[in-house]
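Novice: The task is simple: from the sequences and hints, build the whole structure.
Chains A and B, in that order, are what the protein sequence lines are.
Heads up: the first sequence begins at 2 in my numbering, then just goes up one per residue.
Heads up: the second sequence begins at 3 in my numbering, then just goes up one per residue.
These are calculated hints, taken from the structure and not from any lab test.
Here the structure is a predicted model, which means the values were calculated and not measured.
A couple of the hints might just be wrong.
[As the list claims (entries may be wrong)] The list that follows gives simulated cross-link-like pairs (lysine to aspartate or glutamate, DMTMM-like), each with its CA atoms no further than 20 angstroms apart:
1) A:Lys44 / B:Glu122
2) B:Lys126 / B:Asp166
3) B:Lys213 / B:Glu234
4) B:Lys186 / B:Asp109
5) B:Lys25 / A:Asp196
6) A:Lys40 / B:Glu122
7) A:Lys122 / B:Asp81
8) A:Lys44 / B:Asp109
9) A:Lys44 / B:Glu124
[Unchecked claim] Some chain B residues well away from chain A (every beta-carbon gap over 10 angstroms; in silico):
10) Ala30
11) Phe49
12) Arg90
13) Arg127
14) Asp130
15) Gly139
16) Pro182
17) Asp216
18) Val226
19) Phe228
20) Gly230
21) Leu239
Cβ coordinates follow ideal geometry from the N, Cα and C atoms, glycine included.
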Amino acid sequence: MATPLITGTSTPDPEEWPLASPAPRGGILEVFRRRYLLKLVVKRQLAQQYSASFLGFMWSYVQPLIRFLVYYFAVGMVLKAHVDTPYFAIHLLAGMVMVHFFNEAVGGGMRSIWSNRRLVKKMALPRETFPVAAVMIGAFHTVPQIVLLAGACLIIGFSPDLTGLAAGVLGLAVLMVFGSALAILFSAMNVFFRDLQNFIGTLLGFMHFMVPMLYDYRRIADSAIGGTIGEEIYLANPVAQGVLLMQRFFWSGVVQDPSLTLYPDHLLLRGLIMLGVGLVLLALAQLTFRRLESAFPERL
Amino acid sequence: MTESIVVEDVVKSFTMRYHRTLKQMAVARVRGHDISDTFQALNGVSFTVQQGESIGLMGLNGSGKSTLLKLINGVMRPDSGRVLTRGRIAGLIATGAGFHPQLTGRDNIFLNAAILGMSEAETKRKFDAIVDFADIGRFLDTPVAAYSSGMYARLGFAVAIHVDSHIFLADEVLAVGDRPSKRKCMERMQEIREDGRTLFYVSHAPGSVRKMCDRVIVLENGRVGFDGDVDEGIRYLKYDADGPADEPNDEDLGADI
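Specialist: Encoded structure:
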C-alpha cells in the first residue's frame, strides 16, 4: 500500500527555496496571484449563500426586483417623482444596481473574516482573499443586472454617447475601488469591534436615500443645500458619484434631451478625483489590514 | 545539510480581555479590576532544524506547543524574534484542518488543497488517493458538519499528507481516531520521514515519539527546556516514569491526549 507520495521534491533546492518567513505575503496583489484559491473561495461563498434554497441564485434578482417595484410605486407613483423625472424607472434602476453592488461588497466584505474564522485561525493564506471575494461576489451579481438594465434601455431606445460610456465605466471603477477599500478595512476592524457590523449595516441601509436615485439630482440642486457646502458633502459620497456616473450612461442614453437631465458641474472630473481618493483609501486600508491581521488568530 | 526551520529568540504574547461590552468594562474600571492582561505563550525560543530531521515537540498542556506550531505554519507572526522556513509547509494544527462546516467533504478537499498551495490539476490527480485514505465513503458529498470527529480528522490528515511539502507539521493528529486509522497515519508519517522531509510532530505519547523522531524539543512555560536526544527528552519530561501502565496502550501508536 505504501506508494511513494512524491518524487524527488522532498528536499527543497536552496536556490529555489530560500529561508523565508512562513507567513503568507498577503496583500491584494498576492490575492490575485493566487487566483485559483480566490475562485474557490468565491464559489464556496456562493454555494453557501444558496444552500437549502429552492430559488437559489434567483434571489439575487427577486429581492432587487421587489425593492424596485416598491420604490417605483411609493416614490414614483405616490410621491410622483416620475412626473418631472423622465424615464424614472431607468433612473431608479441605474441607481439601484450601483447601490446594491456597493452594499453587497462592503456588507459582505465586512463580515467575511469573522465568518471564515475557522480557516483564518488554522490555515496560512492571504487573508485579504475573503474581503476581495466578497467584492467579487458583488460584481458577479451586478454584471447580469447591468445587462438587464442595458436590455431595458435598448427596448426603450438607447443612444448613449462616448462621454456616457466613459462615465459608466468610471462609475463602476469608483465603486469597485471604494467597495474593496472599505471591505478590507471593515473586515479587519470587525474582528475587534463587532459593533461595527451593526453600525455600518445601518448606514448602508440608508444608502438608497443618500444618493440621487429615488429623486433626481435637480432636486438636490434646488433644495436648501443646493450650491452650499452641504451639496458638496452630499456629492462627496462615492456611491452618489457612482450613481450619477452610471445614470449619465443609461438614463441620459434614453432621455437624450440634455435639458431634461441635470448633473453636477465637471461630472467626469469629479469622478476621476473620486477614483484617485479611492485608490489612496485602498492603500491605507491595506496598510491597516496588515497591522491588524497578526492579531486575528487570537481574537477570533 | 540545509536548514529547514530556523527559530530565533521568538517571543509571542497574547492579550487576554476579561470584559467585552462597554458596560462590563466601565464596571470593571470602577471596581479597579484589570481590563486586560497579557500572557506570554513563548518567551525567547530558539532552535534550528535541518532538512530531513524529525522533531518531537513535547511539553505539558499550555507550554506553548500549539503557538509554536502556528508560528512555523505561518498563521501567526512572532512579536519579536524571527521564524524562517524553507520550502512548502503542510500539516495539521490542533486536530483537523480548517474545514468549512457547511461545505461538503469534496469542496473542502479542493479548498484545503488550494490553501496548501496545490493547483487544480494536482488536486484532481490526487483526489482519489485522498478520498481513499480518508475513508469517508458515502459522506464525500455531505457537509463536513455531519462528520464524526474521526472522519473529520482523517480527512484533514489525508489532504495534508498528499501535498508535496518539504516540512510536515503534525499536531496531535492521532488524538482522535481508532487503532487502524492511527496505524495508517503513523505509517504515512514514517514514509514522510524516510522521504527526507522535515517532520515536526507534537505528541504526548513517548512511544510514538520514540518511533518517529530523532530529536526531541521540550517546551516548558514558553521556553525550550530540553533539546536533544529522544530518550533523554522523554526522561526529562518524566513521561517514562509512568512505566508499564503507559506502555501497552502506547505501543498502539500514540495515545495523544
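Novice: Please go over all the hints and tell whether each is borne out by the structure.
Specialist: Results for each hint:
For the suggested pair A:Lys44 and B:Glu122, the alpha carbons sit about 14 angstroms apart, so the restraint of at most 20 angstroms is met. Distance hint between B:Lys126 and B:Asp166 is fulfilled; the C-alpha atoms sit about 14 angstroms from each other, no more than 20 angstroms. This hinted pair checks out: B:Lys213 and B:Glu234 have alpha carbons roughly 14 angstroms apart, not beyond 20 angstroms. Distance check on the hinted pair: B:Lys186 and B:Asp109 sit about 24 angstroms apart at the alpha-carbon level, beyond 20 angstroms; violated.
With a C-alpha separation of about 14 angstroms, the suggested pairing of B:Lys25 with A:Asp196 holds against the 20 angstroms cut-off. Between A:Lys40 and B:Glu122, the direct Cα distance comes to roughly 11 angstroms. Compliance with the 20 angstroms bound is thereby established for this hinted pair. Between A:Lys122 and B:Asp81, the direct Cα distance comes to roughly 17 angstroms. Compliance with the 20 angstroms bound is thereby established for this hinted pair. Proximity of A:Lys44 to B:Asp109 is assessed by CA-CA distance (about 10 angstroms); at most 20 angstroms being required, the pair is judged to hold.
Restraint check: the Cα-Cα separation between A:Lys44 and B:Glu124 comes to about 19 angstroms, which is no more than 20 angstroms; the hinted pair holds. With 10 angstroms as the threshold on Cβ separation, the claim that B:Ala30 sits away from chain A holds: the shortest Cβ distance comes to roughly 18 angstroms. No Cβ of chain A approaches the Cβ of B:Phe49 within 10 angstroms, the least distance being about 14 angstroms, so the stated non-interface status holds. In this structure B:Arg90 is not separated from chain A by more than 10 angstroms, as the shortest Cβ-Cβ distance comes to only about 8 angstroms.
Every CB of chain A lies more than 10 angstroms from the CB of B:Arg127, the least distance being 12 angstroms, so the non-interface label holds. Chain A leaves B:Asp130 outside its interface by the beta-carbon criterion, the shortest separation being 12 angstroms against a cut-off of 10 angstroms. The beta carbon of B:Gly139 is kept farther than 10 angstroms from every beta carbon of chain A, the shortest such distance being approximately 18 angstroms. Residue-level check passed: B:Pro182 sits 12 angstroms from the nearest beta carbon of chain A, beyond 10 angstroms.
For B:Asp216, the requirement that its beta carbon stay farther than 10 angstroms from each beta carbon of chain A is met, with the minimum near 16 angstroms. Against chain A, the non-interface label of B:Val226 holds: every CB pair exceeds 10 angstroms, the least being about 19 angstroms. Residue placement check: B:Phe228 keeps its beta carbon more than 10 angstroms from all beta carbons of chain A (closest about 24 angstroms). Consistency note on B:Gly230: stated as away from chain A, and its beta-carbon is indeed over 10 angstroms from all of that chain's, at 23 angstroms minimum.
With a minimum CB-CB distance of about 27 angstroms to chain A, B:Leu239 clears the 10 angstroms threshold, and the non-interface call stands.
Violated hints for the displayed structure, listed by number in ascending order: 4 and 12.
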